[in-house]
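Modelling step: build the complete structure from the supplied sequences, incorporating the hints.
Sequences listed follow chains A and B, in order. The first sequence begins at 1192 in our numbering and counts up by one. The second sequence begins at 3 in our numbering and counts up by one.
Note that these hints are calculated values from the structure, not bench results. All figures in this text were calculated on a predicted structure; none of them were measured in a lab. You may find that some hints are simply not true.
Claimed, not checked - Here are the simulated EDC-like cross-link-like pairs (lysine to aspartate or glutamate), alpha carbons at most 20 Å apart as the crow flies:
{"id": "1", "chain 1": "A", "residue 1": "K1618", "chain 2": "A", "residue 2": "E1587"}
{"id": "2", "chain 1": "A", "residue 1": "K1290", "chain 2": "B", "residue 2": "E113"}
{"id": "3", "chain 1": "A", "residue 1": "K1404", "chain 2": "B", "residue 2": "E106"}
{"id": "4", "chain 1": "A", "residue 1": "K1239", "chain 2": "A", "residue 2": "D1576"}
{"id": "5", "chain 1": "A", "residue 1": "K1290", "chain 2": "B", "residue 2": "E221"}
{"id": "6", "chain 1": "A", "residue 1": "K1290", "chain 2": "B", "residue 2": "E60"}
{"id": "7", "chain 1": "A", "residue 1": "K1677", "chain 2": "A", "residue 2": "E1702"}
{"id": "8", "chain 1": "A", "residue 1": "K1620", "chain 2": "A", "residue 2": "D1576"}
{"id": "9", "chain 1": "A", "residue 1": "K1290", "chain 2": "A", "residue 2": "E1642"}
{"id": "10", "chain 1": "A", "residue 1": "K1314", "chain 2": "A", "residue 2": "E1702"}
{"id": "11", "chain 1": "A", "residue 1": "K1290", "chain 2": "B", "residue 2": "E255"}
As the list claims (entries may be wrong) - Calculated Cβ distances over 10 Å to all of chain A for the following chain B residues:
{"id": "12", "residue": "R97"}
{"id": "13", "residue": "F108"}
{"id": "14", "residue": "H241"}
Unchecked claim - Which bits of chain A does chain B cover? Going by a derived footprint, with three or more residues having C-beta under 8 Å, they are:
{"id": "15", "stretch": "1221-1234"}
{"id": "16", "stretch": "1268-1277"}
{"id": "17", "stretch": "1665-1676"}
All residues carry an ideal CB built from backbone N, CA and C; glycine is no exception.
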Amino acid sequence: MQNQSQSFQSQSSSSDMDSMQSQSQTGMNPCLPGYETDCFFDEVVDQKGVARPDSVALVDLINRLPPGELKRRQQAIERSLYQMGITFTVYSDSAGTEKIMPFDIVPRIVAPDVWTHIDSGLKQRIRALNRFLSDIYNERKIIADGIIPATVIDSCPAYLDQCKGLRPPHDVWCHITGTDLVRDNEGNVFVLEDNLRCPSGVSYVLQNRSVMKRNFPQAFTASKVRPVSDYPSRLYQMLRRMAPMENADPNVVVLTPGVYNSAYYEHSYLAHQMGVELVEGRDLLVKDDRVYSRTTDGLQQVDVIYRRVDDTFLDPKVFNPDSVLGVPGLMAAYRAGNVALANAPGTGVADDKVVYAYVPEMIRYYLGEEPILSNVPTYLCDREDDRAYVLDHLDELVVKAAGESGGYGILIGPQASPEERQEFAAKIKENPRNYIAQPTLQLSRVPTMVEEHLEGRHVDLRPYILCEGPDDVWVLPGGLTRVALKKGCLVVNSSQGGGSKDTWVVAQAGETVARL
Amino acid sequence: MLSRVAESVYWMSRQVERAENIARFLEVTLNLILDQPENLVDPWSPLVQVTADEEWFEAKYGKPDSRNVVQFLAFDDEYPNSMVSCLRAARENARGVRETLSSEAFEQLNEFYHFVGEASAAAAMDPTSQFFDDVRRQTLLWSGVFASTMAQDQGWHFANVGRMLERADKTSRILDVKYFNLLPNLADVGTAVDDLQWSALLLAISGFEAYRRDHHQIEIEKVVDFFLFNRTFPRSIHHCIASAGWSLREIEEASESNLQRTARPILDELQHRLAHTQVKEALAGGMHQFVDSVQIEINQIGEALGQDYFQTSVNS
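Next up, the structure:
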């Protein structure tokens, strides 16, 4: 049944292709009739609802589909994600109801020049962050030179004393990073935050792409999209090369907290795609500062661990003694150089929201360069002037708890009630170090299915970055576009009811284009 | 492979097989009651006996009837060996080792699980043999996908051992219980009713047609022989044990260590006995005793597998 409907889709799509060619011959960009940008920056169309140059094929296709067809394809994709078991369990429901992460069928399209800017900016940022991490756990020159106050670092919950003096091979700490970007009403790109611990979501990028290719083959081909499918092999190559000693065939594993972790599907998916074992803490043990897995043939040494367990759960002997997710003795094996860890423990200090505010300074300090990508202007409530300003302007600002993630601990001033603002004011006064504030950006939007029609919804973008050496940084051309499904909502996190979209980075001349 | 993974694959496969067997029992019984004169034989009590969880059943449901036995065996969330519980456990095990399965294999099991979940509310209200036939088809689909998309590596062989041990155990149980219940009706021997009931037994293991081809007529001794000792039929006990033995040898051959293994000798011994026992001997010594000893040995093999492969100690 499924095959029949798929072949039907490709048939209907080939006629889409014919119409696309006729459209491009006329040289007119199509528009989305009835679609309102509401004066927001829209990634797919301009203020008049006319397709941006790279979105012509997509908009044309959407216009040519028979009524209801877009919705039908959306449902077909949802059904196939469900069948693939890309779901999370709703635990509040005793029946163990499963849901897919909401997916929206209209992709976000990124123009080549925008991507070039993002790509170079992220590479620069990762170089600086690695320098910062090595420095902050060793010489602490950036503090001595007065760029960052010592109190900022020492009060940071993610700064781990247990990691002092660590020197990961090649001084690479953050091998895998997911950096959140947003665009404002003028289309300028800003870094919203860096995720250097265990950034999630890349499996959705790959799966979203694979279902989109099946459902929009012609528009996809016509849009000259750059491929993302080589991510697992690049990740595997990088992990292999991290192996501590000369080893022709290093044993690489992915370490997961287990099936109950919300990102378990991703851990399993990446292990599967790389063809390596997915292990839990209980599968590993440390003997003589070496890490072994328990196999049906006895113990087998492990060389490289892509760990998706948080820092403080990694080793109960060094961090949280109650952790059953980690491996006792792992840190000693790591310090002895007998096992490689990606990411290195301790990287979380660099994605603290207060430390984030200093990244542009880090770039200038370590690299002697001007930041290519800007931060969102940030007020640190720990600073007296900033705090006074923030408390006076709570109705204009977004306030965030420094140590929280996943869209928790956020106040969106303009949308908040007076009581909520008062509550946050009290929290800020009580613990100023834990709060930052930023102006409310009007995040860019992308057309999104709402019932039977398209409406603009706010998005962000999380590209994924692999870093093998200080000058060997690679950015996946694409990333996870997260979309706030509620009208007017600015919080896109999946834990806050957000969904995702495929991200199509358009190739420049000479760049590889993804095939179906 | 990881010990945890080997164990999960083994159990996943056993649990699917267990769910399938329950569906088979229920499908055949639901068919049987349509064919036989009313109230002649109670077909439901033996099904509870097959599970060896009669006390549990009685405490919760009382006297077995068609409704509560179907509810118990197929849909009871609280009963760990019900069809839905087995499927849920199999799917949880599969989720935990998803990276070692083919995508097709996982997706088929996932679809199977959702199919049963979605259909079971209606099926629990009005159970039909069609529903259980659909379940059986799903498991056949799963076996086919598994066979055609998975490399026959150690993981595959652990799955096969699990499936074959479970199948041998269930074949032995259904024979044991039915034999016990059917044999006392000496007056019925050779009648249409007798024929019908032994045929149902063969249907429960999909062996009716294969049996007919070999023997044409239903005779108790030949049916028992078919269940226990047939060399070629995939659900006979002998065949299951031989297949499990093959997989264990393959697992040992692929192994790079010289660890002492204890499961193989027990299995070899059982296989030898099945290959060299005549059905008359088995019946003379008491069919129940014979089947009982087979079940005990299957359990011992399971325990030995645990020691051999699933629990890697620090000192190994």
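A quick look at each hint next to the structure:
1. K1618/A <-> E1587/A: 17 Å, holds
2. K1290/A <-> E113/B: 14 Å, holds
3. K1404/A <-> E106/B: Holds, because 19 Å separates the two Cα atoms, which is no more than 20 Å.
4. K1239/A <-> D1576/A: With a Cα-Cα distance of about 42 Å, the restraint between K1239/A and D1576/A is violated, given a limit of 20 Å.
5. K1290/A <-> E221/B: 53 Å, violated
6. K1290/A <-> E60/B: Given that 20 Å is the threshold and the Cα spacing comes to 37 Å, the pair is violated.
7. K1677/A <-> E1702/A: 36 Å, violated
8. K1620/A <-> D1576/A: 13 Å, holds
9. K1290/A <-> E1642/A: 18 Å, holds
10. K1314/A <-> E1702/A: 18 Å, holds
11. K1290/A <-> E255/B: 43 Å, violated
12. R97: Non-interface label fails for R97/B: nearest chain A Cβ at 6 Å, not farther than 10 Å.
13. F108: 6 Å, violated
14. H241: 25 Å, holds
15. 1221-1234: violated (count 0)
16. 1268-1277: holds (count 4)
17. 1665-1676: Coverage by chain B is violated here, the residue count being 0 at a Cβ distance below 8 Å.
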